[in-house]
Every structure is written in structure tokens, then in C-alpha cells.
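Chains as they are written, first to last, in the numbering used here: chain A, 1 to 358; chain B, 359 to 477.
No wet-lab data here; the hints were simulated from the structure. Built from N, CA and C at the ideal position, the CB exists for glycine as well. Please note that the accuracy of each hint is not assured.
[Said to hold, decoys possible] Only some residues are given here: those of chain A computed to face chain B with a beta carbon under 10 Å:
hint, residue
1, P294
2, I296
3, E297
4, M300
5, Q309
6, E312
7, A317
8, D323
9, L325
10, T328
11, P330
[Stated by the list, open to error] Mimicking DSBU-like on lysine-lysine, the simulated pairs with C-alpha atoms at most 35 Å apart in a straight line are:
hint, chain 1, residue 1, chain 2, residue 2
12, A, K7, A, K112
13, A, K159, B, K429
14, A, K112, A, K53
15, A, K112, B, K429
16, A, K79, A, K53
17, A, K9, A, K79
18, B, K429, A, K53
19, A, K158, A, K79
20, A, K112, A, K9
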Amino acid sequence: MEAETAKVKHFLFVDDDAVFLEAAASLFREMSGNHWEIATALNHAQALGYLAKGRFDVVVLDVGMPGVDGIQMLRLLGKAHPGLQVVMLSGIATEERRRICLEAGALLFLEKPSSADGYASIFATLDTLAETAADSGFHGVMRQVGLQEILQLECLSKKTSILEVITSKIRARIFISDGCIIHAEAGTLHGEVALYSILALRGGQFRLCPYSEPPERTITGQWEFLLMEAARICDENAHENLESNVGFSQTDGIIAPGMDATAGMGGQRRKNVQIEEIVLCSGNGELLFDSNCPSIENRMQLMQVLREQVEELTGLAPVGSFDRLEITVPGFRTVCQVNPERRFLVTSRSLGQPELAS
Amino acid sequence: MTEQLNQFVNQRLPLPGLLAWGTQLPDGQIASHGYNDRFRGSQISEFLRSIGTMTQALSQGQSEPPRFCWKFQLARVYVATARDGTNLALFFRNEEKLMAEAIASLLSDFEQLPLDTLA
């Protein structure tokens, strides 16, 4: 075990920013206790030179470089060095860039760190990746890139595949057909409960496998709604104590129009919640879906204002990127998310006092 | 900021994980304080001014003012409104182990502050 921890890991960082390269390499060497051997290249030519001479566990590419940029280099590496683990770093981490990079074969797409915590997080991610032997097919480690993002990409791209998740305790699978999540299984759980349980996992490994027909089709909901609910449940479970006491209700069991997912996460407190309205818009504000919304115009306007407000707010204080706004009045709660890809609003109503799940 | 409001805030804050706080009176007057070098008073004031407009808009027509939680990657901002329309914003680190009961108690007490405390 000790020998394994002491194993030297080999990284190649490619970035036209010499200052960043020097700082990152020094810091990561220090953080690794000199167990990281880091080569740095300022352009694709230097990088290819290193790759021709030595073996690297992980290559970290800057997206924005003059000449041959990171994405072109990524595609080049996919042909010249198939199986090489490549992580993309970008100072401008847009969803579009992320999608392009992941589709081009990057294992992860990460935002360039701007704080000590950011460097620590990237270090932990890369360190874990370097320990993972490259298998055939796509695989990853659930740290910076979550399962939700992988699922979202699969669904947006209308893929047909099986997302397999393995932890020390369970092996779980999510079946995706033509961009729709149609089945999930995790241990003895099936359907939406299994999906939410899988997406609540905090660590493990995943890989995308060739599709085979599931034993049954247990999920019919729209993937956007499913992922949003999973995110909400996951978040609320994580912050259960805080939110139940600060006025943001806990939600383990959900009842939505046409949806029965009251089983929740086994063994936890359970409280039924009725979904009152759902509005889903594209990133540009075009209405994609609504359910029971009493005033679409009002809601779309709210999301538009929120979108503008968020841009302003994130520039005013070092709070990081926007996640969501929760608005609570007694008995009701509205969650609103806006990002370049989607705008989403869901209002839920509490149906009673919490009770212990059986 | 009134002396009474100042007293309320000083008696109840800081709490563990608190990065900064700010208050905005109905007349727009703002007071703020940062406990972290990265959260300066002027930043908090601008932030509060910005969310204050939305808070006011979303509170209109409600029998009770809503409570807001703005969740960001690094921080979460709780916003509560007192009966006279004064807003209180608490900027916490975005971490799981916050003083939930203390935050809830503070927000609730703020919402229920007697009007003569704020005037």
C-alpha cells in the first residue's frame, strides 16, 4: 500500500501561459510531496515532443491557445495517442466548450483555478485520475464532473447507452435510449428511486457502456425534470438539517403530476410534497415545457430578470457561479435555476408534517 | 442603520461560517459588514442593493414576505424581510455544517422585530 502511495505520477501540462504553468507545476509538485513529475509545454509542438519520448498518466490541456488550440490538440491526441487521459482546463468554462471537449474525447473539463481551494480541488481530481488505469471506452471519476453532467450530455446528444456506476458498495446502471432515461437500477431499487439514489452518490467510478435493452422500462419522465429533481433531492439531503431549520423544506418523497416517487431514499425522514408548477425554458428563454403554471408570462419574466440579476451579482462579490434561487413562503417553495443551457422553475407545496419512512 | 437594528445585529452576529451581513432599510439606506477580507463592506452594499430590488418585487402581493436563499458555488445568501420592509442578508460559506438553528432563529426573530425597533 505504501509503495502505491509513493508511486510517481506523470503529468504533462500544456498551456501558452508560462506564468500559470510555472505556478501550477510548483504548487502541484509541492502538494504531491514531489510524487508528481510534471512536464510543461507552451504549445502543441513541445507537447508532442514530450509525448514522443515519455509516458504520461494524464495530459492537461488549456483550451485557449494560439495556433493549434486545446480542442484541436485534443482531437490530434485522440488519433495519435488513443487511450491517453486528457483533461481540459479553461479560464472560460462555458457549457458549449465543455460539450465540445467532452465530445472530442476529454475525460474532464475543468475551470482554471483562481483560488487555493480551486487548486486543491483540481489537484485531488488529477491525482485520482492518474491512479485510474485507462480502460477501453469512456470512464471517469466522480469529482469535478458529476453524473448529472454526463447524463445531461448523453440526453442532449440523444445518445443510446448505459451509464454504469460502481462504488465500493454498489453497482448501478442507468439506461439511456435516444436521449431519454428509460430505466435505472441500483441494488434492489428500480426506476426513479434508483435514479435519484444513483445521482446522490458522492463518489465512485462511472463508464459509458454499449446499450442493451433493460429488463423493463421504469422511467418515463422528461430527463430535464428527472435531473432537476435528483439535484434538488441530493442537495436537500446534503443540507437536510440546515434547510429544515432555516425555512427551506426537506423533500425526500415527491409527488408530481403524473409521477409517483414517494419511496424516497430509504431510512430517512419523509415528507410528501406536491409539485404545483413546472416551467422549463431554453437558455434563450423559449418555453420548452410547462405543467400547471398559472402565469407563464410572469414566470418567464422572473427567469429572465433572474438571469440578468445573476450576471450582475456574480460580478459584485466573490460568491462563485450561481446555482439556484429558493423562495420560501409558508407551505410553498419555489426553486429557480438559470444557466446558459436551461431555465427551470418548480414550485412545490408541502402536504403535511414529516413522518418517519418505514 | 438605526441604533436598535445595529444592536440587534451586534447581539446576534457573527455566527460560524458567516462571511458578511448587510441590512437595507425601506428608504434604501444600507449598512454592511464583512468578516472576510474578500467580502468588503462596499461589495456587500452593492450586492444587497441589487438583490433588494428583486426581493421587493417578489414580495409584492404576498401576505407574508418570502424568505430567499441565493445559492452560489462558494456562498449562500439568506435574505429575510422585517415587517417594516427592512431586508437582512446573511452571507454564509457554502458548506454543510452551518449553525442551522441559530440562522433560523435569527432570521425568524428579524422578521418578527417590532416596528418601533426599526423605525
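So, going through the hints one by one against the coordinates:
| no. | hint | result |
| --- | --- | --- |
| 1 | P294 | violated (13 Å) |
| 2 | I296 | violated (17 Å) |
| 3 | E297 | violated (15 Å) |
| 4 | M300 | violated (15 Å) |
| 5 | Q309 | holds (6 Å) |
| 6 | E312 | holds (6 Å) |
| 7 | A317 | holds (5 Å) |
| 8 | D323 | holds (4 Å) |
| 9 | L325 | holds (6 Å) |
| 10 | T328 | holds (5 Å) |
| 11 | P330 | holds (6 Å) |
| 12 | A:K7 x A:K112 | holds (26 Å) |
| 13 | A:K159 x B:K429 | holds (31 Å) |
| 14 | A:K112 x A:K53 | holds (27 Å) |
| 15 | A:K112 x B:K429 | holds (21 Å) |
| 16 | A:K79 x A:K53 | holds (17 Å) |
| 17 | A:K9 x A:K79 | holds (23 Å) |
| 18 | B:K429 x A:K53 | violated (47 Å) |
| 19 | A:K158 x A:K79 | holds (25 Å) |
| 20 | A:K112 x A:K9 | holds (21 Å) |
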